[in-house]
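Chemist: Top line first, the protein sequences correspond to chains G and S. Just so we're aligned: 272 in the working numbering is position 272 of the first sequence, and the numbers increase by one with no gaps anywhere. Just so we're aligned: 364 in the working numbering is position 90 of the second sequence, and the numbers increase by one with no gaps anywhere.
Just so you know, these hints were derived from the structure itself, not from any lab. Given the structure is predicted, the values throughout are model-derived calculations rather than measurements. Some clues are possibly wrong.
To be verified - Listed next, with one range per pair, are the computed distances between beta-carbon atoms:
(1) I129(G) to R314(S): 35 to 41 Å
(2) E416(S) to G242(G): 47 to 53 Å
(3) E357(S) to G85(G): 46 to 52 Å
(4) Q138(G) to E428(S): 46 to 52 Å
(5) S151(G) to P381(S): 48 to 54 Å
(6) L223(G) to S384(S): 26 to 32 Å
(7) G85(G) to A281(S): 37 to 43 Å
(8) G36(G) to T347(S): 56 to 62 Å
(9) S151(G) to R314(S): 29 to 35 Å
(10) T369(S) to G242(G): 25 to 31 Å
Stated by the list, open to error - Here are some chain S residues pointing at chain G (derived, C-beta under 10 Å):
(11) H303
(12) R304
(13) S319
Claimed, not checked - Take a look, some chain G residues computed to stay more than 10 Å from chain S by CB distance:
(14) E26
(15) T41
(16) P72
(17) L195
Idealized CB from N, CA, C, for every residue including glycine.
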Amino acid sequence: MIDEWYPVGLFSQLDAVGRRTALMGEPIDVARDAEGNAKVTGGNGRALPACVRYGHVWSSLGTPQKALFAIPEADQPGRRFVDVGVVRVRCSPLRAVENFLDIAHFPFVHTDLLGAEPHTEVQNYKVEIREDEVWATQVKFYQPQAAKSASGGITTEYIYRVPAPTCSVLYKTCPPRPSEWDVITLFVQPLAEDLCDVWPWMALFDDTTSMTDLIHFQQTIFLQDRSILENQIPRLLPLDPGMEIPTRADLTSVAYRRWLKRRNYTYGAQLVAQ
Amino acid sequence: MPARIPAGSIALWRTQSGRVTASADRCPHRGMRLSHGFVRGEALSCIYHGWSYGQTGECLRIPAHPGLTPPETIRVAAHAVEEAWGVIWVAVGETTAEPPRFEGFVPLRSLTAHADLATLKAATGATAGTAGLDWPAPGAPEIRLLSVPQEGYETLIHVLVPGDSSPAQRIAASRAAETLRRTAEDIQAKGLAPWSTTR
Numbered sequence: 001m002i003d004e005w006y007p008v009g010l011f012s013q014l015d016a017v018g019r020r021t022a023l024m025g026e027p028i029d030v031a032r033d034a035e036g037n038a039k040v041t042g043g044n045g046r047a048l049p050a051c052v053r054y055g056h057v058w059s060s061l062g063t064p065q066k067a068l069f070a071i072p073e074a075d076q077p078g079r080r081f082v083d084v085g086v087v088r089v090r091c092s093p094l095r096a097v098e099n100f101l102d103i104a105h106f107p108f109v110h111t112d113l114l115g116a117e118p119h120t121e122v123q124n125y126k127v128e129i130r131e132d133e134v135w136a137t138q139v140k141f142y143q144p145q146a147a148k149s150a151s152g153g154i155t156t157e158y159i160y161r162v163p164a165p166t167c168s169v170l171y172k173t174c175p176p177r178p179s180e181w182d183v184i185t186l187f188v189q190p191l192a193e194d195l196c197d198v199w200p201w202m203a204l205f206d207d208t209t210s211m212t213d214l215i216h217f218q219q220t221i222f223l224q225d226r227s228i229l230e231n232q233i234p235r236l237l238p239l240d241p242g243m244e245i246p247t248r249a250d251l252t253s254v255a256y257r258r259w260l261k262r263r264n265y266t267y268g269a270q271l272v273a274q
Numbered sequence: 275m276p277a278r279i280p281a282g283s284i285a286l287w288r289t290q291s292g293r294v295t296a297s298a299d300r301c302p303h304r305g306m307r308l309s310h311g312f313v314r315g316e317a318l319s320c321i322y323h324g325w326s327y328g329q330t331g332e333c334l335r336i337p338a339h340p341g342l343t344p345p346e347t348i349r350v351a352a353h354a355v356e357e358a359w360g361v362i363w364v365a366v367g368e369t370t371a372e373p374p375r376f377e378g379f380v381p382l383r384s385l386t387a388h389a390d391l392a393t394l395k396a397a398t399g400a401t402a403g404t405a406g407l408d409w410p411a412p413g414a415p416e417i418r419l420l421s422v423p424q425e426g427y428e429t430l431i432h433v434l435v436p437g438d439s440s441p442a443q444r445i446a447a448s449r450a451a452e453t454l455r456r457t458a459e460d461i462q463a464k465g466l467a468p469w470s471t472t473r
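Bound conformation, chain G alone:
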């Protein structure tokens, strides 16, 4: 678990002084060095691995065995890249990711934005493991205002990817460009097992909406999610069946929990039902 890459800050906001934050319980410092590179220092002063990708600085307490996962759309011309910022949530990093994978809550938590009654039904969709990532495809949902660039309600199609235990990449119908997908990601920094910083990031085709409005829209969504995430019991994500009851609409969540368990990824998880 310590060998994974984790987001630890926005590269655009780094300066020489840097910022003090934490990674899995250890205090760390993230700064920009004299050459302009990101520098991450652990609690005992040791240099930690660092890379800059998708607007964020990534680091690890251990030794990452492979490069950070790829998002090919991040290199596609014409997209706008949006550093949404950070939302601190008192919950397990895994609960934050699972909530991101869930669509059935849209009408109740993101009312009149990402969903609205009576359009609550979740159609069947597909879930599979592709190259050791969780993928959910053909996910469709009716949305009153799917994006800042959408005018009026549309049925939005989603593809979800979980390329790392605390990260998810969402591909979503792009209202101004039907042949392309908007990319919205959720990068979660585990501060502790029950506390995380959530860093959403976007790569969109939207030439009209102001950056402020794009950020504001996503922050609104994530603040609505926070009111849920901080009130789930238990705070940790139960990986064993029995404690919570999934339905067909929760197939992505079921696959995600199984995938975590198979990888023995237990940071932020609860293994035995209590």
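Once you have looked at the hints, place chain S on chain G.
Modeler: Here is chain S on its own, set in the frame of chain G:
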């Protein structure tokens, strides 16, 4: 609304037809607190995914699957509830006993004190009545206090006064309860209550 009984946190809600229900404060689907939910008609719905529950705890509807009749195994525990003279009583476990009745009394207000029950009793010098405390508050009408331990050292106090109390007497009773809270919190803060339970 959320409420606390010795068995833990509960979601206390009133149906449209006026019936009060005390449900366990956790939706079995994804663990969300049901006290954050909303009431429509005779059912309580979870705010996360809209799963709705009836007064006996059975799951009535799963909005993600409108055509599905939820299996009977999906349910939340519900506690027995009685309403008497403006006070809602929740039973922990099975009981056949009637809740205490404070005939002629009306609820005035509820307040939370950062003090445990033993400290509170010490601060009042009150005697234990049939339920709660009969408190000869200075300068106020005869007051009944109902106290419910909360998390940590907190105690929720419900203040009852005789139904025929004048506005001035009610104000006096309210102020007396605030004074009592301050006194109890001072004792608790100074640790002058060696008999209080340590947790």
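Chemist: All the hints need checking, so say for each whether the structure fits it.
Modeler: To see whether the hints hold, each was checked on the structure:
{"no.": "1", "hint": "I129(G) to R314(S): 35 to 41 Å", "result": "holds (39 Å)"}
{"no.": "2", "hint": "E416(S) to G242(G): 47 to 53 Å", "result": "holds (52 Å)"}
{"no.": "3", "hint": "E357(S) to G85(G): 46 to 52 Å", "result": "holds (48 Å)"}
{"no.": "4", "hint": "Q138(G) to E428(S): 46 to 52 Å", "result": "holds (50 Å)"}
{"no.": "5", "hint": "S151(G) to P381(S): 48 to 54 Å", "result": "holds (51 Å)"}
{"no.": "6", "hint": "L223(G) to S384(S): 26 to 32 Å", "result": "holds (30 Å)"}
{"no.": "7", "hint": "G85(G) to A281(S): 37 to 43 Å", "result": "holds (41 Å)"}
{"no.": "8", "hint": "G36(G) to T347(S): 56 to 62 Å", "result": "holds (59 Å)"}
{"no.": "9", "hint": "S151(G) to R314(S): 29 to 35 Å", "result": "holds (30 Å)"}
{"no.": "10", "hint": "T369(S) to G242(G): 25 to 31 Å", "result": "holds (29 Å)"}
{"no.": "11", "hint": "H303", "result": "holds (5 Å)"}
{"no.": "12", "hint": "R304", "result": "holds (6 Å)"}
{"no.": "13", "hint": "S319", "result": "holds (8 Å)"}
{"no.": "14", "hint": "E26", "result": "holds (28 Å)"}
{"no.": "15", "hint": "T41", "result": "holds (37 Å)"}
{"no.": "16", "hint": "P72", "result": "holds (32 Å)"}
{"no.": "17", "hint": "L195", "result": "holds (17 Å)"}
Hint compliance for this structure: no hint is broken.
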